[in-house]
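Q: Okay, here's what each chain looks like letter by letter:
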Amino acid sequence: MTNRLEIKLWLAHRLTGMALGLFVIIHLITMIVVIQGGLSAAEIMERTSSNILVVIFYGLFVIAAAIHGSLGLRTVAQEVLSWRGSSLNFVILVFFALLCVLGMVAIKGLVL
Amino acid sequence: MSNQQEKITVSIWRGKEEGDLESFEVPLVDNQTILDLLTSIQRDVDPSLSYRFACRVGMCGSCAMRVNGKPRWTCRTLVSKVVSNGELRLEPLANLPVVKDLVVDMAPFFDKWQAGKGRFEAKDSAVMEFAPIKPDNKKRQLADEAIECINCGVCYSACDVVESNPAFLGPAALNRAWSLMNDERDGSSIERLKAVSGEGGCQSCHTNSQCVARCPLQLNPTRSIAGLKKQVAVAMLKGEL
Chain A
1 MTNRLEIKLW LAHRLTGMAL GLFVIIHLIT MIVVIQGGLS AAEIMERTSS
51 NILVVIFYGL FVIAAAIHGS LGLRTVAQEV LSWRGSSLNF VILVFFALLC
101 VLGMVAIKGL VL
Chain B
1 MSNQQEKITV SIWRGKEEGD LESFEVPLVD NQTILDLLTS IQRDVDPSLS
51 YRFACRVGMC GSCAMRVNGK PRWTCRTLVS KVVSNGELRL EPLANLPVVK
101 DLVVDMAPFF DKWQAGKGRF EAKDSAVMEF APIKPDNKKR QLADEAIECI
151 NCGVCYSACD VVESNPAFLG PAALNRAWSL MNDERDGSSI ERLKAVSGEG
201 GCQSCHTNSQ CVARCPLQLN PTRSIAGLKK QVAVAMLKGE L
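Taken in sequence, the protein lines are chains A and B.
At the far end of the first sequence sits residue 112, using the working numbering, and the numbering has no gaps.
At the far end of the second sequence sits residue 241, using the working numbering, and the numbering has no gaps.
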């Protein structure tokens, strides 16, 4: 890993962290607002089905969370376990892909 | 005078990396500093005790050590303020190799100052006229906040990132780099940003602020490191790194 790439990953970790802060606030406010007066699962599905905004918002949310979580885990592995190199990067890439897939499956369940 | 009758137990690290605490019973004297106490033990009890000092007035940064587990400058620390249940534990600074007793080898600490480009490097162009830097200049003020470091190593000993990652440059070296980044006369900004953003650079800081809590001069290396992080991020986004 070159130093430039390491700095880019560090920057990506911080920027996705900031984005997640914003996403979580929007997510919580939306939830609190829409459940006022009670809401059933069917009603939720009715609102989210085929909603492109939901796809875009939660798609970005999932990607940011996958990047942030993976890079955070990589740093923890480096600092706590002194684990470095290509074996760590491979495991982190797999973890990143897993988070992306699981997140996208969840979004698919929400909108389809 | 009644205080002089009161005794305290001082446990002092003896040996090198391998060693043990040795206990001394000494009188608690009014207005005595830890450094005074060590001098009295060396003169009256055990001349082989090793510790380091120079100025005795909080300017040189030589006499730092751990007092009851916390790094402090001992020339400005009163025994009466830190003695706990009649006991005092004196150990060498953490995160540095022990030479003997309370003396540590400061070479790794200063090597990191060099690694972080903590040296002033003048701009290439010759100075043809005075460049006035007013006291209210923002960069001058930022440099002022960081510039009073006396290199005592207290922050380096207190830093848990240095403890877990020996490659980390540490609060003092990064604080120094930050003061130079705000020096209008310095000409090696990008080289310095590269030096402080490599392995063990400013990104490694966990922002736990142990350095801020322990700095005897109330400097804020965490803020300096945050400033470096911001400059590194901006330089990377601009493609300068």
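For the record, the hints were derived by calculation from the structure and aren't laboratory data.
Since the model is a prediction, treat every value here as computed from it, not as a measurement.
Each residue gets a CB set at the ideal place from its N, CA and C atoms; glycine is no exception.
Among the hints, erroneous ones may be present.
Here are the computed lysine-lysine pairs in the DSBU-like style, where the Cα-Cα straight-line distance is at most 30 Å [what the hints assert, rightly or not]:
| id | chain 1 | residue 1 | chain 2 | residue 2 |
| --- | --- | --- | --- | --- |
| 1 | B | 230 | A | 8 |
| 2 | B | 138 | A | 8 |
| 3 | A | 8 | B | 194 |
| 4 | A | 8 | B | 139 |
| 5 | B | 100 | B | 123 |
| 6 | A | 8 | B | 81 |
| 7 | B | 7 | A | 8 |
| 8 | B | 194 | B | 123 |
If you want the footprint, here are the derived chain B segments under chain A, 3+ residues with CB under 8 Å [claimed, not checked]:
| id | region |
| --- | --- |
| 9 | 106-120 |
| 10 | 228-237 |
Q: Determine for every hint whether it applies to the structure shown.
A: Do the hints match the structure? See the list:
Among the hinted pairs, residue 230 (chain B) with residue 8 (chain A) is consistent with the structure: their alpha-carbon atoms are about 13 Å apart, no more than 30 Å. Between residue 138 (chain B) and residue 8 (chain A) the CA atoms are separated by roughly 29 Å; this keeps the pair inside 30 Å, and the hint holds. Restraint check for residue 8 (chain A) and residue 194 (chain B): the C-alpha separation of about 13 Å stays at or below 30 Å, so the hint holds. For the hint pairing residue 8 (chain A) with residue 139 (chain B), the CA-to-CA distance comes to about 27 Å; that is within 30 Å, so the pair holds.
Proposed proximity of residue 100 (chain B) and residue 123 (chain B) is contradicted: the alpha carbons are some 42 Å apart, above 30 Å. A distance of roughly 47 Å separates the Cα atoms of residue 8 (chain A) and residue 81 (chain B); the hinted pair therefore is violated under the 30 Å criterion. The straight-line distance between the Cα atoms of residue 7 (chain B) and residue 8 (chain A) is roughly 58 Å, outside the 30 Å bound, and the hint therefore fails. With a C-alpha separation of about 17 Å, the suggested pair residue 194 (chain B) and residue 123 (chain B) falls inside the 30 Å cut-off, and the hint holds.
For the region 106-120 of chain B, the stated coverage by chain A is violated: 0 residues have a C-beta nearer than 8 Å to a C-beta of that chain, whereas at least 3 were required. A stretch counts as covered by a chain when three or more of its residues have a beta carbon under 8 Å from one of that chain; for the region 228-237 of chain B and chain A the count is 4, and the coverage holds.
Checked against the numbered hints given earlier, this structure breaks hints 5, 6, 7 and 9; the rest are met.
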